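Enquirer: What follows is the residue order along each chain.
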Amino acid sequence: MSDAIDNRPADGAEIGPVSPGGRTLINVRQGMFAARGDTSGYDGLTQFVYEPTPAQRPYGGWFDEVVDVLEELLGAKAEAAIESVIVDRGELTLHIAREHLVEVCQHLRDDQDLRFEFCLGVSGVHYPAHTGRELHAVYPIQSITHNRRIRLEVSVSEGDPHIPSITSVYPANNWHERETWDFFGIIFDGHPGLARIEMPDDWVGHPQRKDYPLGGIPIEYKGAEIPSPDQRRQYR
Amino acid sequence: MTTEHTAPQATAGLGDDDGTAPEFTVFGGDWSDVAEEATRLGEQRLVFNMGPQHPSTHGVLRIMLEVEGETVTECRAGIGYLHTGIEKNMEYRTWTQGVTFCTRMDYVAPMFNEAVFCMGAEKLLGITDEIPERANVLRVLMMELTRIGSHLVAIGTGGNEMGATTVMTTAFIGREETFKVIEAITGLRVNNAYIRPGGVAVDTPEGAVQMIREMIPKVRQRVDELALLQLENPIFKGRLQGVATLDLAACMALGITGPILRSAGVPYDLRKSEPYAGYETYDFAIPTSTDADAYSRVVLRLEECYESLKIVEQCADRLEQLEGAPVMVADKKIALPSQLSVGSDGQGNSFEHIRHIMSESMEALIHHFKLVTEGFPVPAGQAYAAVENPKGFLGVHVVSDGGTKPWRAHFRDPGFNNLQALSALTEGGQVADVVVAIATIDMVLGGVDR
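Chains A and B supply the protein sequences, listed in that same order. Heads up: the first sequence begins at 1 in this note's numbering, then just goes up one per residue. Heads up: the second sequence begins at 1001 in this note's numbering, then just goes up one per residue.
Simulated from the structure, these hints should not be mistaken for laboratory data. These numbers come from a predicted model, not from an experiment. Don't take every hint at face value.
Claimed, not checked - Think about it this way: if two alpha-carbon atoms lie no more than 30 Å apart in a straight line, the pair counts; the simulated DSS-like pairs of lysine-lysine are:
(1) B/LYS1370 x B/LYS1310
(2) B/LYS1310 x B/LYS1333
(3) B/LYS1310 x A/LYS210
(4) B/LYS1370 x A/LYS222
(5) B/LYS1180 x B/LYS1333
(6) B/LYS1272 x B/LYS1310
(7) B/LYS1218 x A/LYS210
(8) B/LYS1237 x B/LYS1310
(9) B/LYS1218 x B/LYS1333
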């Protein structure tokens, strides 16, 4: 955990997100109990929680082979396409620039040394603290041939939430992309029919964004009012 | 309407080769007039809804059908009627509480939801290798019993939808036997919240192994019965053979996993390809077929039930050997301290534990209180875990911000993905085959919509 959390010294300076090395700022945790390990207040009760630092070669195991082959296939575009490589908990994550996503997927699926046949959908994640890259689309990609799984991550801003659809390469992602549009408002350009899938067609808002309330109504019980779940005083 | 055809009549000899075997064809009434009118109008294209409350749709699934006569020309599935915001809710609960939410997704196979979520949490915590062996055996036992139950529901309701009620009752009797064991061990039939991050909630009660051993032949008998009842039945074969086919190329394009992919010839099963919870140490086979039709998938599900029973048998042996071994990680910062014991009312806290925290140790009380109310912090980062659910590849993407609650938990339910194949399975077939196609996908809308 120490690697992932930066404690900003309490120098009285204005607290703002800092992003060392372009790493994803998962959250800024503030206040007692939230800024873990610090209940004294001397550290300003603020923690900047980052994703792990990018990995350095060798990545270990077959990770090097996958990245090597992919870089070779992308050629001159490799540097722009693969923004960073993260190895954490035995899993390989490639941060991909959105304009190269479809090409990367095409190589991952078609090259015989990669052969990632299945895309296991797309999971949206909202990091409101990561200014300019608030919305992440996470694609777990599975190879049956080589029995491997990697993760592609594409991040965009809330103001420009466009990611090219990869349904041309992985048709199975059709509904998954609709779901991520529904819940996170990420627009998948080129999707054959990007309609809401879980929420009603006329729903306003994208419910799984962090600024969207959980909802619910306060409950009155024996004269006391119990607030709705997201309004309750709680540990974080 | 012609006068000589006012009532249905039968006539003999149509299509007879040698004229000896009696064969009948029915005509009469106003059928010929109806057919004539249809021919005159030229087109008989109807667009209608099947569902969301149709009993054969395994929950609330809406299917929009465009038919010409009896032939389905277009089919689209509309989902979302059972969306309950489970993933969003889990962001407001601790990792342990999250189990009680995700278990309600695919409510026919709840143990898999719990298992995959806990495996994701354990990966984030870095304790995957520290899960006690007995906990893993109990997880495997629960998952296999649930797999049998889920397959029996798939076969039973599939039969019921085609009009064979006996198939359903036989399947549910078999499933009931698995529930008896599950209930005796976990306290609940479904939505158990039994598998927790770090292990399982509670150890087996006395006599559990004996109970498992007695259950196995009872379930096997019902699976035998289902096989005997169905597999040679000409109506069953007529309804299922060559129906709802999906070849390998289509499976790969649509990301299909589970029995549908295995019926197309790929022996892909995460229990073999990426063993978890000690599956590499069990002896079992992955049945496959190359027929790629609804019939072969029923056969595969029945065969998988036998394989699962084999695993359950091995679990019983291991539980005997591991009697008294821990079922939760040793790390007291993760393992809930509450020692559950089955009381006369079914379940409750153990008296010793209550005495310890209430009258012996204030620190133990504080620890108990903090762990129950606040939960345990999970190091920041993301992880992916996957298990082989009865329906296919069940994955979970979990993200933690270092707090005591998931920042994000996203489930890749196989039913959600496989339901996309409904159009490919039904278009060009008969309306009645739509029901067969739904049964062969075997999705559960609770898992599809989450």
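Enquirer: Could you grab the alpha-carbon distance between B/LYS1370 and A/LYS222 and see if it respects the 30 Å cut-off?
Expert: Holds, at about 26 Å.
Enquirer: With the threshold set at 30 Å, check whether the alpha-carbon distance from B/LYS1370 to B/LYS1310 stays at or below it.
Expert: Violated - the C-alpha atoms of B/LYS1310 and B/LYS1370 are around 42 Å apart, more than 30 Å.
Enquirer: Sort out whether B/LYS1333 lies within 30 Å of B/LYS1218, counting only the CA atoms.
Expert: violated, 42 Å
Enquirer: CA of B/LYS1237 to CA of B/LYS1310, is that 30 Å or under?
Expert: Answer holds: B/LYS1237 to B/LYS1310 is near 28 Å, not above 30 Å.
Enquirer: Does the structure keep B/LYS1180 and B/LYS1333 at a Cα separation of 30 Å or less?
Expert: Violated, at roughly 33 Å.
Enquirer: Against the 30 Å threshold, does the CA-CA distance of B/LYS1218 and A/LYS210 hold or violate the hint?
Expert: At roughly 50 Å apart (the allowed maximum being 30 Å), A/LYS210 and B/LYS1218 break the hint.
Enquirer: Would the hint linking B/LYS1272 and B/LYS1310 be met if the CA-CA limit is 30 Å?
Expert: holds, 15 Å
Enquirer: Could you grab the alpha-carbon distance between B/LYS1310 and B/LYS1333 and see if it respects the 30 Å cut-off?
Expert: violated, 36 Å
Enquirer: Between B/LYS1310 and A/LYS210, is the straight-line Cα distance small enough, at 30 Å or below?
Expert: violated, 46 Å
The structure fails hints 1, 2, 3, 5, 7, 9 (numbered hints given earlier, in ascending order).
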